[in-house]
Amino acid sequence: MEDRTILLQAIGLGKVFTLHNQGGIRLPVFNALDLTLRAGDCMALVGPSGAGKSSLIRCLYGNYLPQQGRILVRHRGETVDIAAVHPKRIVDLRRETIGFVSQFLRAIPRVSALDVVAEPLRARGVEPEPARDAAAAILARLNIPRRLWNLAPATFSGGEQQRVNIARSFVADFPILLLDEPTASLDPDNRQIVVDLIAEARDRGVGIVGIFHDVDVRRAVATGEVRMAVQRDAA
Amino acid sequence: MTETGEQTLLEVRDLGKQYGNVVGCAGVSFDLWPGEVLGVVGESGSGKSTLLRCLSAQIAPDSGSVNYRLRDEGMCDVHALSEARQRMLMRTDWGIVHQNPRDGLRFGISAGANVGERLIAVGARHYGNIRADVTDWLQRVEMDEARMDHLPGTFSGGMQQRLQIARNLVTQPRLVFMDEPTSGLDVSVQARLLDLIRTLVSTLHIACIVVTHDLGVVRLLTHRLMVMRGGRVVEQGLTDQVLDDPQHPYSQLLVSSILPV
Amino acid sequence: MTGKTIAGYNFAYLDEQTKRMIRRAILKAVAIPGHQIPFGSREMPLPYGWGTGGIQVTASIIGADDTLKVIDQGADDTTNAVSIRSFFSKTAGVKTTESTTEATIIQTRHRIPETPLTEGQILVYQVPIPEPLRWLEPREVETRKMHALSEYGPMHVQLYEQIAAYGRIAATYDYPVMVHGRYLMRPSPIPKFDNPKMDRNPALQLFGAGREKRIYAVPPYTTVKSLDFEDHPFSVESWEHCCGLCGSGTSYLDEIVTDDQGGRMFVCSDTDFCNQRQAQGFRGPLNSEAAE
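Residue numbers (the working numbering), protein chains in the order written: chain A, 1 to 235; chain B, 236 to 496; chain C, 497 to 788.
Here chain A stands alone, though its shape is the one from the complex (with noise of 0.2 Å):
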């Protein structure tokens, strides 16, 4: 019997910009927005630039305030409200529940790939030998090469900080994955890498929000999608 436990749900989200220092110009990004994930769901965001894919993504992930609405995430057997919740709450969420590649790295410089990617088992209490292990696994299978390990990312390709970043990721169990774009730079040996981790993750029971502007990579990883439209701009 799959386990299709409902992991993440927003209701009546709705998010707007307001630029206080250019004439207080608001510009709406989205509204009235729904989403129910379960695990083992891959649900992706779809929809023309400039339609809040991004903005959906972040609010998810805390990054972003949206103005109305909840976004209920289940949390150490918890429904957390993570619109509402203090942010001290989002730090362990972000620990413990909620993954995200976004899609550029900000890598923390001077850290190598190995300890960037290590980090958020570091986080949870490994310790650093069995941690670097891991990255080092998952390194190898995204094929960035050993040489690279030591060194740090701000340097490496566009392709190869993005996988140090999707690596960074699926590193820990997330029960909740946020992506954003995880293919956009990678070729089609890393993409289909890549569409194998989601893949597997998926059938975990993971449940992931995603932006694959690529139709074979959202047509082999999806289970349902979620269309948004540009706004209209509001006065």
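Hint data in this document are derived by calculation from the structure and do not stem from the laboratory. Just so it is clear, the structure is predicted and the values come from calculations on it, not from any experiment. In this text, a Cβ means the ideal position worked out from N, Cα and C, and glycines have one as well. Be a bit skeptical, because a hint or two may be false.
To be verified - Chain B side only, calculated, beta carbon under 8 Å to chain C, not exhaustive:
#1 A319
#2 R322
#3 G347
#4 D384
To be verified - Short, incomplete list of chain B residues facing chain C, as computed with Cβ under 8 Å:
#5 Q242
#6 G251
#7 Q253
#8 A348
#9 E352
#10 I355
#11 Y362
#12 G363
#13 I365
#14 A367
Let chain A serve as the given structure and place chains B and C on it in line with the hints.
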């Protein structure tokens, strides 16, 4: 205990300090948990330094309270403690890293003595052991232990800051206040110092309040952020949220003012 | 046996109210061993730096029946010792002596007599700088706080620095001590050799600093412990020689240059102690020709 289920380390309620008619800080409230790094940003005159001095018991506030969870006694109002207990607290469970090393070090005694002093103050009386502990800490802050008998004035600014950090951490404090810890240092020196601070804070599970005007420092070091202006906190939240999706007009102004590199 | 005293001066020079004020300070000092008590230091007929504090303490406690001994660096016959003894002789008419065992009050500059003291004797020290933390912390407000809160870390740090620089604690006189386990005290510039004599001494020890206007005390049988580290314990000076005159191998020796070809001799600093031993028949290497 709060909704997160973990015990808070510091609870600040409605803290305020006036200088005559001028508001130093007003209405500041927040909680801090063990191992958390909280950033306080603002421009000159924002009240962040006044806030830090009220929090670290260097000055007394006019209103509100600063409550700290002592190791064996639970929450207590820091400003209601006797001077003796405050001084003891500052020497053991707390640390303060000042902007200017001259405020945080004793320049008349050697680097090693600066680090060993807090150990001696809490009763260490074995010269060999003190020296071994000092050596260990100098190594941890990446200083040359062969120079432990040199005076602080013979070290560079970046090294003096490392020495300040070692001096504070040697008694394993649970809360460290940092006031612009890297201001005035060369950029590469700043970077390495921030790396050191970040590593030590996370390895030793130290809670930290970092006051700075540099948004790059908070992005690197802090989990949560408070933005201050005119003595008040205008926005607070996760560091990445305040920097990526600032809500308050002043926060938006600050973030958009950073010079691109 | 009292001699004639100078006309026009009160007994022991100071007026009675001043003596009462000083005795009140002494009582407070005795009640809080090692703690510095301020007092209204008076104009004395000799400048600051010449023992005015010690003289005021002696003047306040001395009575017609007392026997006074005065030593300076252990000797009864140096200029200062002679002058001060003469001062009390003229103003109080008290009996004076060079014998440690006969004295009831001993005023001393920078030495403790070798002969052990007994109950009922009072040792009065002349003190230049009473505050042990003075060179570490110039602010009086701060040193008072440090004493109040027992925050003596910086003194240990200074000893640490000496070990780091010289391999051992380098202080050899005015060596800081903890009195009754509570107050850090400066014993006055006695050699560290004398520090152990202060510990649980049956006599009352009083300390007077005239210029700095402080009095402090160590009551009889009070613990006095010299600061040290567990792995660098307190130790006293030793000599390869013994006293050239009396042969003592246990007293503090002065090194006296005798000619300009490098000739020197080592002699007990405590003149009374040395004389007593010689009177008992002990002889040192320089004295053996005179042996009976």
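Here is what the structure says about each hint:
| no. | hint | in the structure |
| --- | --- | --- |
| 1 | A319 | 5 Å, holds |
| 2 | R322 | 7 Å, holds |
| 3 | G347 | 7 Å, holds |
| 4 | D384 | 5 Å, holds |
| 5 | Q242 | 30 Å, violated |
| 6 | G251 | 28 Å, violated |
| 7 | Q253 | 26 Å, violated |
| 8 | A348 | 5 Å, holds |
| 9 | E352 | 5 Å, holds |
| 10 | I355 | 5 Å, holds |
| 11 | Y362 | 4 Å, holds |
| 12 | G363 | 5 Å, holds |
| 13 | I365 | 7 Å, holds |
| 14 | A367 | 11 Å, violated |
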